[in-house]
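Generate coordinates for the entire structure from the input sequences, incorporating the hints supplied.
Going down the list, the protein sequences come from chains A and B. Just so you know, the working numbering puts 268 at position 268 of the first sequence, and the rest follows in order with no gaps. Heads up: take any position in the second sequence, counting from 1, add 1000, and you land on the working numbering.
The set of hints was computed from the structure by calculation and includes no laboratory data. Here the structure is a predicted model, which is why all the values come from computation and not from measurement. Don't be surprised by glycine CBs; every beta carbon is placed ideally from N, CA and C. Take the hints with a grain of salt, since some may be wrong.
Residues from chain A that keep clear of chain B, each with C-beta distances beyond 12 Å, as calculated [what the hints assert, rightly or not]:
hint	residue
1	Ala43
2	Leu60
3	Gly85
4	Pro149
5	Val172
What the simulated footprint calls covered on chain B by chain A, stretch by stretch (three residues with Cβ under 8 Å from a Cβ of chain A suffice, anywhere in the stretch; the number is not a length) [as the list claims (entries may be wrong)]:
hint	region
6	1042-1053
7	1147-1160
8	1277-1287
9	1321-1335
10	1338-1347
Residues from chain A that face chain B, not an exhaustive set, calculated with beta carbons under 7 Å [as the list claims (entries may be wrong)]:
hint	residue
11	Gln56
12	Phe87
13	Leu153
14	Glu155
15	Asp156
16	Ile160
17	Asn175
18	Leu179
19	Pro360
20	Leu368
21	Leu369
22	Met375
23	Leu376
24	Leu380
25	Tyr381
26	Lys384
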Amino acid sequence: MGDAALAKSLLLALPLAFLAARALPARVPWIARALLGAAAGWAVAFVVALVVPPGQMAYLVSFAIVGSIYAVLALGLNVQWGYTGLFNIGIAAFFAIGAFTSALVTTSMPTGAAAAFSQQAFGLGAPFLAGVVAAGVAAGVLALLVGGPTLRLREDYLAIATIGIAELVRLVFQNERWLANGPQPLRGIPQPLACLVRDPGCGWLPPPLAALFDPLAPRDYPYVYLAIATLFVIVVYLVLERAIRSPWGRVLRAVREDEAAAAMAGKDVARVRLQAFVVGAVIMGLGGALYAHYMIAIDYTHFDALYATFLVWVMLMLGGSGNNRGAILGAFALWGVWTGAAFLVDLARPVLAAISSDLPARGPYLRLLFIALLMLFILLYRPKGLIGEERFVSRDSQGRDG
Amino acid sequence: MARVLARRAGGPRPSARLRRAIGSRTALVALLALVLVGLWWLAGAQGVTGQRLLSLAVRGVMLGGILALGAIGLTLIFGVLRIPNFAHGDLMTWGAYLALFGLTLLPAGQPLAPFSFGAELLLLLVLVMPLVGLTGYLLDRLVFRRLRARRAPSVILAMAALGGAFLLRSVIYLGWGADFRNFYTGRPRPAVELFAGIRVRPDQLFILGLALLLIFLLYLLLERSKMGKAMRATADNADLARISGIDTEGVIRWTWLIGGGLAGAGGVMFALDTQLRPEMGWWLMLPLFSSVILGTIGNAYGALVGALIIGVVWQTSTAFLNPAYGPGVAFAVLILVLLFRPQGIFGRPGGA
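Printed below as a string of structure tokens:
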């Protein structure tokens, strides 16, 4: 039991260590922050892994994984909307193309009996990281194709075009059997680093380290995936924070605030917007890859406008557009509300049944009603969200508006 | 911007002249005709008979009539109120489900032969149209008006419309569930021969006739009434209209009532032709916006023309494409328009 807790805590430590290191004041030298953060994070992780009952722990871990995937999507949207003011309501398109690309590249062609009812293209059996890169590239290319003709036009045209591409991508994956098994799920997407929880273990790990993970059973795999997912969020966050404080990030905000002024200052507005659109889409594509390898089997229904576009929008608006921490906070907070509301709806079942015998089965749609109302409420009464935009002139200087 | 200034200073260069020629109205119409001919040629190469193509074109006109009911409201709301109304498709769905609700209350009458529906559906249509219009106006009072007062940019209005769309759909899901529905389950809907072996269902002829009638009434309203004139003026130049003492509040109210009412009728008609599904309106958004942009935003007659073109191209493409791709075909037409002439057929140069 203790051995397993040690192994699990090592996997849980990454996000906690990052949070702890971030919480330390900036005047502490970074090496000290890193070490202190790692120690504190690991200690907390160990206690959590030891104390929390396994059932609840499994729930928390899967919650955090999906929250991380949504955080990646919200970070991508933040580049487009939060910093540049691009209205993309086709997040599902980039999410789906990332997920399917990574899945198609990393799976192997079905053989034998499976080939009779499962069809797909590619099936290269490539490693996870190759799938992730391919997902980012595919989403970026799609963004170039959509953004090229529409970003130079009125801003609402982009919205229409992105709705269109999301529908088109969904239609293609729904109808083309040769590509990704059509309406049937595409199965057998490999789990990265699954060898950590399997019996022969990872051959490439030094034996002492491999021994550390020995107590983990295959059902503990979500812990491994949580480490991967949170690593994704942290890397994307750090890269974006860096980029947003660079001159490029300043141009993005200049374009959002006053396009004409940015153009007069000699900035190629159309080009900057296309760059931001593509960067955001690439991040969404990475989110898609992250999703595919977690789900193992995906089909077109996972990428409908509600789950893949609308929720991400409300997440970013809830957390605070133009703030990367807000995007992450909003993703976890809204995912918490969404899953928590499922419990509430379950509790309210007798009340619903009293109103109409049909209602209990439709209870889950109450969540949709609630989220739509929440979105309108934020728009009307709290446009800046929970945190609001972080104002800064440039790196390492004080905020303008305090 | 800098590029535009440079071009004005130096007079039209040959490349600029070429660009203008490509972006002309004639060029766009020629391009669309070329697309249609290309579709016919592709279908012909796959052995599709001319008769089938003709009947697809006839069906496309009927689909275009339904799309026009949605697109005209969308273009008015877009042009007059500056709201890219992403809730418009869901307003159509809302209308269809309101009619379904009414049918459960009313006693089912005999079908009006040769149609599959009874007189009660006609009564419901008359009731549903103002209800959907009021729903739109209510949304405006509760949400858009406050945003307008804050001088919110059009993307914020679009986002609010998106929220409204999901709000409406959640109500539909709660009220009727996610299953397919029909106005009349199990009633036969045989097709009759129209001419030259072209078969259509009588319902479809009724739908087309009703769409034309409503559009004619709208024409009278826009051209002959004072409110219609005010609406056209606001669509043309909102600031100028306001300065000239036009009753803005009345224009807003009537735009929603008319646009929403037409959407409601379109939703009922679409459901009569196919089925009711909570997502049906969302899937119609793409053809609707394509029609609106093709026919120039704010131009009601343009929306009609755009809807007919989109309807015919959509139906014709099914001769050799999986019919599921219909909205995708509409999207492809939209991309062509955005590439060559973003202001649409009836737009002024540099309008978009």
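Comparing the hints with the structure gives:
1. The non-interface label for Ala43 of chain A is consistent with chain B: the shortest C-beta to C-beta separation is roughly 43 Å, beyond 12 Å.
2. Its beta-carbon lying about 28 Å from the closest one in chain B, Leu60 of chain A satisfies the requirement of being farther than 12 Å from that chain.
3. For Gly85 of chain A, the condition that its CB be more than 12 Å from all CB atoms of chain B is violated, with the nearest at approximately 7 Å.
4. Its beta-carbon lying about 5 Å from the closest one in chain B, Pro149 of chain A breaks the requirement of being farther than 12 Å from that chain.
5. For Val172 of chain A, the condition that its CB be more than 12 Å from all CB atoms of chain B is violated, with the nearest at approximately 8 Å.
6. Here's how the region 1042-1053 of chain B fares: 0 of its residues keep a CB closer than 8 Å to some CB of chain A, so the rule of at least three is not met and the hint is violated.
7. Evaluation of the coverage hint for the region 1147-1160 of chain B: fulfilled, as 8 residues show C-beta separations to chain A shorter than 8 Å, against a requirement of three.
8. Taking a C-beta to C-beta cut-off of 8 Å, the region 1277-1287 of chain B contributes 4 residues in contact with chain A, enough for the three needed, and the coverage statement holds.
9. For the region 1321-1335 of chain B, the assignment as covered by chain A holds, since 8 residues bring a beta-carbon within under 8 Å of that chain's beta-carbons and 3 suffice.
10. With 3 residues bearing a CB less than 8 Å from a CB of chain A, the region 1338-1347 of chain B meets the requirement of three and the coverage assertion stands.
11. Of the supplied interface hints, the one on Gln56 of chain A is violated, with its beta-carbon coming no nearer than about 30 Å to a beta-carbon of chain B, more than 7 Å.
12. With a cut of 7 Å, the hint placing Phe87 of chain A at the interface with chain B holds, because the nearest CB-to-CB distance is about 4 Å.
13. Taking 7 Å as the C-beta contact cut-off toward chain B, the hint placing Leu153 of chain A at the interface holds, the least distance being around 5 Å.
14. Restraint check, Glu155 of chain A versus chain B: the minimum CB separation of about 6 Å is within 7 Å; hint holds.
15. For Asp156 of chain A, the shortest C-beta to C-beta distance to chain B is roughly 4 Å, which falls under 7 Å, so the interface hint holds.
16. With a cut of 7 Å, the hint placing Ile160 of chain A at the interface with chain B holds, because the nearest CB-to-CB distance is about 5 Å.
17. For Asn175 of chain A, the shortest C-beta to C-beta distance to chain B is roughly 5 Å, which falls under 7 Å, so the interface hint holds.
18. Given hint, Leu179 of chain A at the interface with chain B, is violated; its Cβ is 13 Å from that chain's nearest Cβ, farther than 7 Å.
19. Because the smallest distance between the Cβ of Pro360 of chain A and any Cβ of chain B comes to about 11 Å, over 7 Å, the interface hint for this residue is violated.
20. Because the smallest distance between the Cβ of Leu368 of chain A and any Cβ of chain B comes to about 4 Å, under 7 Å, the interface hint for this residue holds.
21. Taking 7 Å as the C-beta cut-off, the interface hint given for Leu369 of chain A holds, the closest approach to chain B being about 4 Å.
22. With its C-beta approaching chain B no nearer than about 4 Å, Met375 of chain A sits inside the 7 Å limit, and its interface hint holds.
23. For Leu376 of chain A, the interface hint holds, the least distance from its beta-carbon to any beta-carbon of chain B being 5 Å, beneath 7 Å.
24. Checking Leu380 of chain A against chain B: minimum C-beta separation of about 6 Å stays under 7 Å; hint holds.
25. Among the interface hints, the one on Tyr381 of chain A is violated; its C-beta lies about 9 Å from the nearest C-beta in chain B, farther than the 7 Å criterion.
26. A distance limit of 7 Å between C-beta atoms decides the matter here; for Lys384 of chain A the minimum to chain B is near 13 Å, and the interface restraint is violated.
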